[in-house]
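Asker: The chain contents come next:
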Amino acid sequence: MPMSNHPANHPGHTDIKTIADLQAVLATIPYATMIGTEVRDDGGEPLFVLPYRESNIGNVLLPALHGGVIGGFLENTAICHLMWAHEASVLPKVVDFSIDYLRSGRPQDVYASCEIVRQGKRIANVLLMAWQDDRAKPIAAARAHFLLA
Amino acid sequence: MLKAQKVLMMTETSKHDLKPVLAPAFFAQVMQWFEALPHCKQLGIRYVSSSAGVVTLELPFSEAIIGNPETRVLHGGVVTTLIDTASGSAIYTLLPGPEGVATLDLRIDYLRPAKPDEPVFCTAECYRMTEHIAFTRATAYQDDINKPVAYAVGTFARTSAGKEG
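Heads up: the sequence lines are chains A and B, in that order. Last residue of the first sequence? That's 148 in numbering that gives the first Met the number 0, and every number before it is there in order. Last residue of the second sequence? That's 164 in numbering that gives the first Met the number 0, and every number before it is there in order.
Wrong hints could be hidden among the right ones.
[What the hints assert, rightly or not] Chain B regions said to be covered by chain A (calculated; three or more residues, Cβ under 8 Å):
| # | segment |
| --- | --- |
| 1 | 44 to 54 |
| 2 | 59 to 69 |
| 3 | 75 to 86 |
No lab work stands behind these hints, which were simulated from the structure alone. Here a beta-carbon is modelled for each residue, glycine too, at the ideal position from N, C-alpha and C.
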């Protein structure tokens, strides 16, 4: 891909074709980089991963990841998934976000998936799930609305 | 700050308004503990003020919390973290001593973009506490609490000290 078309050079207006393009978009988002959000290729579909790092801890007694970090990671997941699904060519804007914390986030990697529930002209409704070693035991579930343009 | 908090009190008819926190020495310890948590420390979240049921925290600006590299607007996730921390803190103003609280849910409306290069404040209130559950509401704002960046409601589970989860 010619350098000029690389997503990293056009963070605001990006045509996502590959998982690598998505990773390049994530790399342009300072907050995503700070908490460490990554995307991996899971049989051609993006799988979002938040590798464990000590600076994401929000409870040192349990210990547990900060709930806000899990929320922020799920928000990154939604933004990237909407761009992957070509529902947005610019970064979608979060309108509202409702998260249920189902289990405490242990100090290990977190995975996330996003389902687009309803897609309107300007607004998308998404369902997000976060889990650690067992997908059947989610640590958080969220629903959110995003403005696409 | 103080003026901004008074505005919140008037608009939210708090029954706790401006009474001191229940256990000041314990609460001061809790806030020190919160500020020292790895993620709060990384963000630089700091305590501003408190009264019974109400806490205000400040999130300083840093380049690392930007969510959109073109507009430099802050990421929603960092506002989520500020709101979660402030809402949890508000519960401790009403507690006599150590116990755990765990966020059950948070619902956040992002009312306007959080501008770069200035801090974000969050004033959170625990407006109802039962034996097992605490109910909170929170407003995140920058220069004017009447133009909030985000508004949130949350519920928290109270767990006895030492056996959280």
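Asker: For a quick check of understanding: which of the numbered hints are violated here, in increasing order?
Answerer: 1
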